[in-house]
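Just so you know, the protein sequences line up as chains A and B, in that order. Sequential numbering of the first sequence, starting at 30, is according to the working numbering. Sequential numbering of the second sequence, starting at 21, is according to the working numbering.
Mixed in with the good hints there might be a few duds.
So the derived label-pair ranges between C-beta atoms look like this [as the list claims (entries may be wrong)]: (1) Lys163(A) / Leu372(B): 48 to 54 Å; (2) Thr61(A) / Leu90(B): 18 to 24 Å; (3) Lys163(A) / Arg290(B): 52 to 58 Å.
Partner residues are not named here, just some residues of chain A that face chain B (Cβ under 10 Å, in silico) [unchecked claim]: (4) His102; (5) Val144; (6) Glu148; (7) Gly239.
Below, simulated BS3-like cross-link-like pairs (lysine-lysine); rule was C-alpha separation at most 30 Å, straight line [stated by the list, open to error]: (8) Lys163(A) / Lys102(B); (9) Lys261(B) / Lys406(B); (10) Lys181(B) / Lys164(B); (11) Lys163(A) / Lys271(B); (12) Lys424(B) / Lys262(B); (13) Lys358(B) / Lys406(B).
Note that these hints are calculated values from the structure, not bench results. We put the CB at the ideal spot given by N, CA and C, even for glycine.
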Amino acid sequence: MEGAAHSDTPGTERPAADRAAALARLLHRDCTRLLELYVSTTAVIHASVTTLLLSITAPPPPQKERESFLSQHAPGGERLVTLALCPEALSTGEQVGHVRSALRRCMGLLECLIVREVEEMGEELEGEYESLRKTVRDRLGHLLHSTGALLEEGEGGCPPSPPLQCTEDEVEASGSFAAKIWTYRVLQELIHWTDSASQTLHLFHSEKHGQQQQQQLL
Amino acid sequence: HILVSPHTCFLLFVFLLVMSLLPLCNVTGVGELPVPRGLTLSPDFPAQTLSLTWQSDSSLFDLEIFHTELMNVVLNETVAVKADPVTGLHSWTWHSPLPLECTSHSARIRARNQQSVSQWNPLQTIPGSDIPEKSESFMFPQDKVVPVGSNMTFCCIVKEKDDFIEMMYGRQEMSATRLSRRTYAITVTNQPASGNTGTNVICCSQRLTLTGAVVFVGYPPGDEGLVCETRDLASAECSWKKGRDTRFRMKRSRTKYTLNGRDCLEANERRTWWCSSKVWEESWTLVARNPLGTVQLTDSAQLTDRVHLLAPVNVTAVEVEAWSATLQWSWSVAAYKKLEMVCQLQLFAHELSSTRNYSGPGLSSVVLESLWPDVDYTMTLRCGSKHSFWKWGNESAPYRIHTKMDRPDALDVWIWMDSSNTGRVFWKPLSVRKSHGALAGYEVSQSSAEEDGRTPVSLPPGNFSYPIILNNSSDITVAVAARNPAGLSQPSTVTTPAYRADSQLSVSELLGTNGSFVLSWQPNVNASSGYAVEWVPTGCSGLCPVDWKKVPESDCSFTVNSDSLVAGVRYTVSVYSLSTGAPTLLQRWQGYSQEMIPSQSVSKLSPSQTGSDVLLSWKATAMEHQRGFIRGYTVYLANAAHLDLIANISDPEVQSYRVKGLSPSFYKFVVKAYTSAGEDAGSTVDIKIEMDTADMLFVGILVPLGIMFCCLILISICCYKKREWVKKAFYPEIPGPKVPGDWSSPQGPLDVKPSPHSLVHIVENPERDFTKEGLFPVPEEEEESENDNIEVDTDSDEPALLRYYNHVVGDGSHSNQVSDSSGSSTASVGSTQTEITYAGIQSPTSSQGACGGGGYRPQMQSVAGPAEPQIEFEADFQDDGLNTGYKPQCSWQLDSPEAENFSGSLGSPTSVTSSQFLIPESSEEQPQPSNTWFHNFLSGKS
Chain A
30 MEGAAHSDTP
40 GTERPAADRA
50 AALARLLHRD
60 CTRLLELYVS
70 TTAVIHASVT
80 TLLLSITAPP
90 PPQKERESFL
100 SQHAPGGERL
110 VTLALCPEAL
120 STGEQVGHVR
130 SALRRCMGLL
140 ECLIVREVEE
150 MGEELEGEYE
160 SLRKTVRDRL
170 GHLLHSTGAL
180 LEEGEGGCPP
190 SPPLQCTEDE
200 VEASGSFAAK
210 IWTYRVLQEL
220 IHWTDSASQT
230 LHLFHSEKHG
240 QQQQQQLL
Chain B
21 HILVSPHTCF
31 LLFVFLLVMS
41 LLPLCNVTGV
51 GELPVPRGLT
61 LSPDFPAQTL
71 SLTWQSDSSL
81 FDLEIFHTEL
91 MNVVLNETVA
101 VKADPVTGLH
111 SWTWHSPLPL
121 ECTSHSARIR
131 ARNQQSVSQW
141 NPLQTIPGSD
151 IPEKSESFMF
161 PQDKVVPVGS
171 NMTFCCIVKE
181 KDDFIEMMYG
191 RQEMSATRLS
201 RRTYAITVTN
211 QPASGNTGTN
221 VICCSQRLTL
231 TGAVVFVGYP
241 PGDEGLVCET
251 RDLASAECSW
261 KKGRDTRFRM
271 KRSRTKYTLN
281 GRDCLEANER
291 RTWWCSSKVW
301 EESWTLVARN
311 PLGTVQLTDS
321 AQLTDRVHLL
331 APVNVTAVEV
341 EAWSATLQWS
351 WSVAAYKKLE
361 MVCQLQLFAH
371 ELSSTRNYSG
381 PGLSSVVLES
391 LWPDVDYTMT
401 LRCGSKHSFW
411 KWGNESAPYR
421 IHTKMDRPDA
431 LDVWIWMDSS
441 NTGRVFWKPL
451 SVRKSHGALA
461 GYEVSQSSAE
471 EDGRTPVSLP
481 PGNFSYPIIL
491 NNSSDITVAV
501 AARNPAGLSQ
511 PSTVTTPAYR
521 ADSQLSVSEL
531 LGTNGSFVLS
541 WQPNVNASSG
551 YAVEWVPTGC
561 SGLCPVDWKK
571 VPESDCSFTV
581 NSDSLVAGVR
591 YTVSVYSLST
601 GAPTLLQRWQ
611 GYSQEMIPSQ
621 SVSKLSPSQT
631 GSDVLLSWKA
641 TAMEHQRGFI
651 RGYTVYLANA
661 AHLDLIANIS
671 DPEVQSYRVK
681 GLSPSFYKFV
691 VKAYTSAGED
701 AGSTVDIKIE
711 MDTADMLFVG
721 ILVPLGIMFC
731 CLILISICCY
741 KKREWVKKAF
751 YPEIPGPKVP
761 GDWSSPQGPL
771 DVKPSPHSLV
781 HIVENPERDF
791 TKEGLFPVPE
801 EEEESENDNI
811 EVDTDSDEPA
821 LLRYYNHVVG
831 DGSHSNQVSD
841 SSGSSTASVG
851 STQTEITYAG
861 IQSPTSSQGA
871 CGGGGYRPQM
881 QSVAGPAEPQ
891 IEFEADFQDD
901 GLNTGYKPQC
911 SWQLDSPEAE
921 NFSGSLGSPT
931 SVTSSQFLIP
941 ESSEEQPQPS
951 NTWFHNFLSG
961 KS
C-alpha cells in the first residue's frame, strides 16, 4: 500500500498529515472499488455463462449480480452530505475540519448502510463486497481519528456533527428499490469526500512542511 | 375523492351524462327493480383486491369496473351475491391484476333478475397515485414476493410534466401500455427466480428520473424429512432436509420455522436445519413458512427408539501384548451407563483392517483378541442402543496402538541341486504376518549321516539362499531358521535330493496355458509329506531364481501362476515327492509359459555354390534367445521390396537348404526361425552366381563360331543349289554376236595381248591412258574374242564385275575403284567395246560422271565434240578436286531416269554403235588375270 511504502522510509518519521493524506487516498480507492462491486456487471456475465452451461442438466443457480442497472441509469438527486454544518473554510486547517465533518457524516451513513444490509441479507454473505465494506468502515474510522488528531494540534475545526440515527427517514424510503438508490448515493458520497479529504490533507501537509522549513531557515 | 383535473372532469361529465340518459331509453323494462344502494369500495393495496359492499334486495348483480381516467372497462360481470344475514350487506371482492395504486378505479353496480335490470348506481371511485395531487413518480407494486413462473403487472407513474421513455424488467426492455395520463404498465409472464437482492424493475423518464421497484421471485418452502432423536436420553433434536432452495436471501422472505409451535432459533437465526427441544415429546410438528407458502412436517416416536449416542471419550489402550490388547473409554452422559448398547470397533492396519462388535450395558472397555504382533493399529469406536437400534452414534477420535513382537513363523525351505555335489538351499521371505517383527537375519545349519551338528551360519536378513556342497555321497539335511528381536523361529529342514540331469530323464514338453503351467502327475505312495513343485529357468547356473511350491499329498495337480513366470523363458519344472528323507524326483517338464518370437536370428548363415545350386546352411540361435520351441525355418528369396518364400522347413533339426537351378545373377536369401509365436527378424546372406569356365568358353567362343560356320555352310549350299539363278541374276549368259563371215581367224595386229604385267602396269599409270594413241597388247585369252570385236568373252567383263564385287564386300580395292572413277570419263573415251556393253557395270562410272556432269551420255560425248565436254570436265574436275576419293553412294544412287534404267538392266548387254569405244583401250580396264574364286564361283566355273 502506498501509505505503508512511505512509512518505511528510513531515517525519517513521516508527518501525521502526510500519513492521513495517504490514508485518504487509499480510502478513496477502496470506496471507488466498493461502488464498482455494488454495480458490478462482471458477476452477471459470469452468472450468465454459468447458467448457460448448467441449464442443460440443472436449474440455474441464484444470480450473484448486484445492482447492475445503476451503472446504466445513475440516479440523480441532491447530495446526502453537504457542508452546511460548517461555514465556508478559509484556511487549510479549517478545510480539514470541514472535510472531517463530512467524513463523520459519511461514517454515519456507512454504518446505517451496513446495519440495513446485514438486517436484510444476514451475516452469512461474505463476498468481496461485504469484506471491502468492512475495510472501508475501519479505514474511515482511522482517517477520522487521524484528522481529529491533526485538528487537536491547534488547527481547530467545525464542531462535531450530531450522531446519525439510522431511521427510515435517513434511507428516505422503505422500499428495497429506494434502499438500493440510497446505498448508491452513500457510496458516491464516500468517494467524493474521501477524494476531497485526500486533496485537502495533501495541501495541509504541504503547507505544514513549508512552514517547518521556513522556521528551520530562520 | 374529487378529481380536479380538467381532463378528468370532462371525461367524468361525459360518462355521467351517458349514464343518466341510458335509463331513460330503457324505462319500460327496468322500472320495477330497485337500484343497489350504498356501494362502497374498499381497496387492499398490498393484496391488489377491491371489496365492494352494497345493499339491495336482489341477489343477482351486474358489476362494472373501469380505469377511471380513460374509462377502460376492466371488469364487466354478472355475479350472484347473497346478502349477509347479519348485516344485510352484499359483499364481493375483485382481485385486480394491476396494483390499485397505478390509476383510479371506478365501479358501479345494478340489480338484475331474469327479465330485467335496475339502473346503475352512481359511480364510485378510488383514486390512484396518478392523480394530480401526487405529482411525484411511482412504481407499483413494491417488494412483491411471487412464485417462480407467475405473471405480474408493474406500473410506472411518471412525474407531472415528465414524459415516459421505457420500462425494464431486470435488463430486459418491456413493451408498456398506457393506462392513464401518467401511468404506464408492463406485464411480465413466467417470471424466473430472482437473484440475491431481487429483480429490479425500473422506469425511465425524459427527465432522467429513476423510478423502480424490486420483485422477489422464488419458491415456497420445500423442506422435508423431519426426524427427531435424543442424544442424552432426555432432550430431543429434530432435523430435516432443506429441500428445494426457495431462492430467497432477504431476511423478510426467508423461511421461518416453528417446532411444535415454538420458534426454531437454530434454523431461523443460524440458518441450520435442525431444532432442539429440552423435553422429548412423542409427536413433533415442524412448520416451515415463507411468503409464498407453508410446509408442515411431522414425526412421532418413543425416546428409546431414537437413541443416537454421543461419541465415546478418553479412549485408551491398556495391556497391549503381541496378540491382544485391552481398550477402555468413558461416556460424557451418565445415563448411558445403564443403557444396553452395542459398540463397533474398527481396526485399521496395513492389510489387517477389521471390524469387531461388542455389546453390554454401559460398555466402557473391551479386550481385543487376535491382533498381530508388531503391527500399528488405528482404531475408532462407536456405539448404539442395542434394543431398538436406531443408528450408530458418533465415532470416537482415532486411537493408535502398536502390538509387541513375537518369534517368526517357520520358513518355507527348498533345496535345488545344480550338479551331483553342489546345490543351494532357498527359503522364502516371511510376510509381515509371519515375521512378527523386523527380522534380524537367518541361521543355516547342515548335517549329514557322517558328521552331525555343524555350527550354524548366520546370514543377514537380505539373504534368501545358501550354497550347499556335498563332500561325499551321503545326503545333507539343511535347517534354516529366521531370527527377530523376539527370538528364533522353528527351524525348517530339507534334505538334498539326488541330482538328475535333464539328459538322464525323459523331459516332456510343457505348453503354457494363459501364461501359466498346469501340471498334473501320478500320485506317489511315498509322498508322505506331499509334493514339491519346483520351476527354474532351463540352463540356469549359479544363483538362479528357483521357485517352488509345496502341495499336500492329497493333491496331484498344481498350476504355476503367470506371476512367477516370465514369458519367453524356458522353464524346467520338476515334481518331487516329499517324505522324511530326501525328496524324490517324480517327473520333469520343460516349457514356456508363453512363447515369443526368437529374439535373435539364426547364426552362421552361409551360402555355398555348386554349379547353379546354392546350399544355405546355418546354426540355430542359443536357447536363451529362442524364447519358444523352434518349430522350423523359413527360407526367403529377397527381392526389391518383398520376400518370396522358397522353403518352409518344419523340422528344426534341419539347418540347411539347397536352392537349385539358379541362373547367374545376384541373390539375397533370408532365413528365419519360427516358434509358435512367429518368425524372428531373419538372417540375410548374399551370393552372386557365376558361370563355369567351360560354360563361358562354350558360350563365348564356340557357339558364335558354330553359328557363323553353319551360316556359311547354309549360304554355300543355297548358292550351290541356286547357282543357275545366281548365275542368271549376277552373271547372265551373253549371247554371242552373229557376224557373217569368218571371224574366227585372228587378225594379226589385234592378236597381241598384253601380258598380265602389262595390264597391271597400265592400271597403275592411268595418265598414260589419256595420251596413248594406238593399240595395246591384250592377253592371249582374250585374243579370239578381241579379234572378233563383237563376241565378248566373260573375261572381258571382269573389270565391271570386280567393281561390283568390291562394292558388295567393301574390300580394300578402293584405290583401284577411285582410279577407275577418277578416270571414268577417260576410261569411257578410251574404253573397249566390252567396257561399254554392260551398262549395269558401267553405270557406276557413268553415274560418277553424272555427279559431276549431269548424267551419262557416252554418245553425246563424241557427238557434241570435244569443246563442250571439255568445259564440263573442267567443272567436274574442280568438284572432284574438292571431293576427292571414292563415293560409292554416288555411283549407285542414280539421279537420272537413265540411271534407273541402268539399274533395272543391270548386267544386260547394251548395243552401242559408237565406234570410238571399240578401240581396244578396254584392255586397260581388264580385270586382273588373278580373278578370285568368287568370280569363278559366280560364273559357274570350277
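TODO: List, from low to high, the hint numbers that the structure doesn't satisfy.
DONE: 2, 3, 5, 7, 8, 12
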